[in-house]
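**Student:** In case you want the letters, here they are:
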Amino acid sequence: MDLGKVNLDAPHSMGTTIIGVTYNGGVVLGADSRTSTGVYVANRASDKITQLTDNVFVCRSGSAADSQIVSDYVRYFLHQHTIQLGQPATVKVAANLVRLLAYNNKNMLQTGMIVGGWDKYEGGKIYGVPLGGTIIEQPFSIGGSGSSYLYGFFDQAWKEGMTKDEAEQLVVKAVSLAIARDGASGGVVRTVIINSEGVTRNFYPGDKLPLWHEELEPHNSLLDILNSTSPEPMNI
Amino acid sequence: MTRKTSLTMESNQSNQHNSLLASEADSQRTLYPYVTGTSVVAIKYKDGILMASDMGGSYGSTLRYKSVERIKPVGKHSLLGASGEISDFQEILRYLDELILYDNMWDDGNSLGPKEVHSYLTRVMYNRRNKFNPLWNSLILGGVKNGHKYLGMVSMIGVNFEDDHVATGFGNHLARPILRDEWHENLSFEDGVKLLEKCMRVLLYRDRSAINKLQIAKITEEGVTVSQPYSLKTFWGFSAFQNPTVGAEGSWWVVVRWVRPNPDQKKLRRPPLLLPLILPPRSPQLAANLDA
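Chains as they are written, first to last, in my numbering: chain A, 1 to 236; chain B, 1 to 292.
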């Protein structure tokens with residue numbers, strides 16, 4: 001690694017894997033937790049699932065600064081909208097506010113977002129707002145650099161009408177698979193479940209995630225391995 | 001360098017009142033599309049217009065979205081199909097919503113026909129092009145009003161024209177030649193659909209951004225119908241496809257000439273049959289004999 005060529009002042013960008021999935025009764029949002037500045041991991045435990053209202057959250061990917069400022073604006077507008085409306089904002093309104101900012105500032109912003117939530121009119125809904133400001137309602141949505149590795153996985157594993165636990169397990173498995181292959185994703189898996197009953201946040205630390213191909217059981221030290229079994233491990 | 005960089009809900013792309021600052025202009029031109037749709041094909045037929053497109057939204061080379069409706073009704077008399085940047089298409093639909101709304105509010109019994117909507121779109125696209133900030137779409141506008149069928153196209157730079165059959169993108173290269181050959185006045189609905197499906201199948205074979213999920217929309221004096229999404233059968237069972245490298249140097253397959261059993265026979269009416277016979281790889285028994 002040539003330190004002379006590494007850009008230590010590169011913009012903070014969330015390589016990221018973000019996922020939003022609807023299930024029978026609500027939505028599950030999931031994300032990794034890595035924020036990188038060029039090749040350095042600036043934050044290994046970031047929270048990319050941001051609250052917009054009591055019932056709507058957004059998964060952020062791309063430029064950390066851009067996605068944060070968009071979330072802040074949308075939260076502000078939604079707050080006022082809720083006061084004026086007299087009842088919780090719908091997921092569709094939240095998603096369209098995100099879209100308006102993304103579309104009208106498309107030349108300056110570099111952020112892809114997944115808006116998910118629950119409202120009493122439509123139930124659980126997921127809206128993708130990729131680069132450019134397109135808005136697209138989907139039964140599930142994946143985004144971020146890690147999502148490239150998940151298109152095939154979801155084509156095969158996704159089914160309509162999953163239960164809450166099935167949906168959450170699917171999301172955790174998917175984010176963990178993406179982390180395994182995407183250098184820009186890593187850390188912990190955070191999930192947020194939103195339904196009529198409310199919001200549940202979960203946390204799956206990196207060491208509790210399943211192991212995939214060519215990954216090994218973690219140990220505290222080689223000494224533990226040597227002490228527990230026969231001298232074999234030292235033979236090459 | 002002073003730049004107007006605040007985030008706004010209104011478009012930051014249309015604040016060109018003060019055009020003295022070049023840097024302002026740079027931040028306000030659309031550079032490239034992100035999520036794009038591919039070809040749309042449309043024809044006039046006996047009762048009106050038929051329009052077809054697939055439901056793909058590509059993100060570069062990834063076929064990312066597979067349920068994007070790229071044909072939408074506009075008012076009572078028109079259909080709009082679009083290829084190119086989907087976010088710009090969604091914005092155009094909003095502009096048209098407003099246009100139709102204001103037209104309805106006159107409540108004067110008149111309604112905007114396809115020719116008028118086409119003209120409006122042409123103005124919008126051309127004016128955006130003049131500001132170096134185009135809506136990155138190719139649009140097809142078709143409709144029927146008072147018995148008159150209308151089918152027109154507008155490109156992202158404002159080029160517009162009317163014809164009996166139109167297409168966008170790849171469709172211009174692959175579908176229009178077919179239509180030039182096989183389209184005729186007063187096609188029935190069935191013939192029209194078959195003709196469009198022929199075009200869409202070719203596009204599916206040859207356009208890398210096409211997906212096998214399409215919709216065909218129809219507009220007549222009575223109204224608009226957009227079909228439910230469906231897939232076309234594709235055909236791969238050609239013998240040439242099974243063994244495309246027959247006879248090529250170093251390939252697995254060989255060609256054997258069929259020789260006459262008795263070369264001395266003089267009684268011949270036709271020259272010897274030269275049929276290429278394709279041999280399968282060595283049979284297991286033969287292989288076993290040879291290897292043992």
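If you are wondering where the hints come from, they were derived from the structure by calculation, not from laboratory data.
Just so it is clear, CB atoms sit at the ideal spot from N, CA and C, and this is done for glycine as well.
A portion of the hints provided could be inaccurate.
Said to hold, decoys possible - Once the Cα atoms are required to be at most 30 Å apart in a straight line, the calculated DSBU-like pairs of lysine-lysine come out as: (1) K76/B with K145/B; (2) K120/A with K145/B; (3) K120/A with K164/A; (4) K92/A with K149/B; (5) K46/B with K131/B; (6) K115/B with K173/A; (7) K92/A with K208/A; (8) K159/A with K76/B; (9) K194/B with K46/B; (10) K92/A with K72/B; (11) K159/A with K66/B; (12) K72/B with K149/B; (13) K145/B with K131/B; (14) K213/B with K194/B; (15) K115/B with K145/B; (16) K120/A with K233/B; (17) K164/A with K92/A; (18) K159/A with K213/B; (19) K72/B with K233/B; (20) K233/B with K115/B; (21) K92/A with K233/B; (22) K164/A with K66/B; (23) K66/B with K92/A; (24) K233/B with K159/A.
Unchecked claim - With beta-carbon atoms standing in for the labels, derived distance ranges: (25) D181/B with Q68/A: 42 to 48 Å; (26) S196/A with E182/B: 33 to 39 Å; (27) G152/A with T245/B: 46 to 52 Å; (28) H79/A with N110/B: 54 to 60 Å; (29) N186/B with G86/A: 39 to 45 Å; (30) Y151/A with S239/B: 51 to 57 Å; (31) R180/B with Y151/A: 34 to 40 Å.
**Student:** Which numbered conditions among the earlier hints are violated in the structure presented, ordered from lowest to highest?
**Tutor:** The structure breaks hints 2, 4, 5, 6, 7, 8, 13, 16, 20, 21, 25, 26, 27, 28, 29, 30; every other hint is satisfied.
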